[in-house]
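For the protein sequence lines, the chains are R and A, in the order given.
Numbering-wise, the first sequence is residues 13 to 232 according to our numbering.
Numbering-wise, the second sequence is residues -7 to 106 according to our numbering.
Source of the hints: derived by calculation from the structure; they are not laboratory data.
Among these hints, one or two may not hold up.
[As the list claims (entries may be wrong)] A partial selection of chain R residues facing chain A, derived with a Cβ cut-off under 8 Å: (1) Glu66; (2) Pro91; (3) Arg94; (4) Val99; (5) Thr122; (6) Ala123.
[As the list claims (entries may be wrong)] In the DSSO-like style, the derived pairs of lysine-lysine whose C-alpha atoms are separated by at most 27 Å in a straight line are: (7) A/Lys85 x R/Lys149; (8) R/Lys96 x A/Lys85; (9) A/Lys53 x R/Lys174; (10) R/Lys96 x A/Lys44; (11) R/Lys89 x A/Lys53.
Ideal Cβ positions, reconstructed from N, Cα and C, are used throughout, including at glycine.
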Amino acid sequence: MSPQLILEQAVAQKINLISVTDHNTIYHSVLACKQSENMPLKVIPGVELTTREEVHLLAYFCNIDSLKKMDEFIKIKLPKERNKSEVFGYQLYYDIHGEIVGIDDVLRQTALIVGIDELVDFIHHIDGIAIPAHIDKNRFSLLSQLGFIDKSAKFDAVEVSKFMWRKKEFLLGNIYDGFPVIAGSDSHTLEDIGLFFLENFNNTIKDFYSLKSFLGKNKK
Amino acid sequence: MKLSQIVKKCQLEKIVFSVDEEISSGYSGDLMSDVMANARANSIWITIQAHKNSIAVALIKDIKAILFTNNVSIGQEVVEKAKEEDIILLRTKKDSFTVSGEIYSMMEDKTAKD
Chain R
13 MSPQLILEQA VAQKINLISV TDHNTIYHSV LACKQSENMP LKVIPGVELT
63 TREEVHLLAY FCNIDSLKKM DEFIKIKLPK ERNKSEVFGY QLYYDIHGEI
113 VGIDDVLRQT ALIVGIDELV DFIHHIDGIA IPAHIDKNRF SLLSQLGFID
163 KSAKFDAVEV SKFMWRKKEF LLGNIYDGFP VIAGSDSHTL EDIGLFFLEN
213 FNNTIKDFYS LKSFLGKNKK
Chain A
-7 MKLSQIVKKC QLEKIVFSVD EEISSGYSGD LMSDVMANAR ANSIWITIQA
43 HKNSIAVALI KDIKAILFTN NVSIGQEVVE KAKEEDIILL RTKKDSFTVS
93 GEIYSMMEDK TAKD
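Working from the sequences, and respecting the hints, build out all of it.
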């Protein structure tokens, strides 16, 4: 699943806008953004963070520099442990040609030492948007970990699983529990890419800014 | 303290029990990251999190047994993984507070007597 192959697959599936959000790391998201410059799709810099409460939180940014600021914060808040490859598998680094160039031996399958509200504040401080991931899932979600959605929380949207999106027949612009709702493909393999996507009517959402503005308009 | 003594005294259900292990401490926690940071080797881990990731955490920390509380349902893939990795799985109807208290007292008593 190198960034090059992800982009090629997305283009083949006629997807216009994606984000590559790895757990607690930005390396391939940055590569995907750079690599997409000469391709017919847009890539939003992003990352999926794990809060201290073990809630998965998506963060999207306007450019690579902001994503790198997020990475500086991740470096400070990640417990200093090594990856256990026999349990979590190898975390491989790819270059733009899709060749393996190294191994990431930092433990990423763990929580950052920062609570969700503080993390959301930091993301906003560097002009990003913060969206709790797959809130309906029974693990690592806002609902599984915290029991309910705090209506006063400063999330820009909430993400539901693709199963819930389909079941509730959601559309972009809908509200769920007071927050604009989106869904992700949760693609973990190349074959997943294109199986699920959001309909972008009139191509309203083209990039980070239009996404941010769209979600801001729909917030109650 | 031998696990079999704990199982008997607290009336725990054996789900996977290959070898009777010697336990030197216990840890009670439901956040993977917390257990990974704080549990000790050769311990019994008391939790409600009955899923495959729990087996991975037990392996990493050399936890000998996981005790699932509140009679939580345990998926077959969790049982299979535990058998593969030789991790003991136990279950109880009691909640974490109660059973942790019981096991703690047992271990403290033993330490006092030794």
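Comparing the hints with the structure gives:
1. Glu66: Holds, about 5 Å.
2. Pro91: It holds, given that the least Cβ distance between R/Pro91 and chain A is near 7 Å, below 8 Å.
3. Arg94: Because about 11 Å separates R/Arg94 from the closest Cβ in chain A, which is outside the 8 Å limit, the hint is violated.
4. Val99: This hint holds: R/Val99 lies near chain A, its Cβ roughly 5 Å from the closest one there, short of 8 Å.
5. Thr122: 5 Å, holds
6. Ala123: 4 Å, holds
7. A/Lys85 x R/Lys149: 25 Å, holds
8. R/Lys96 x A/Lys85: 33 Å, violated
9. A/Lys53 x R/Lys174: At roughly 34 Å apart (the allowed maximum being 27 Å), R/Lys174 and A/Lys53 break the hint.
10. R/Lys96 x A/Lys44: 16 Å, holds
11. R/Lys89 x A/Lys53: 22 Å, holds
The structure fails to meet hints 3, 8 and 9 from the earlier list, while all remaining hints are met.
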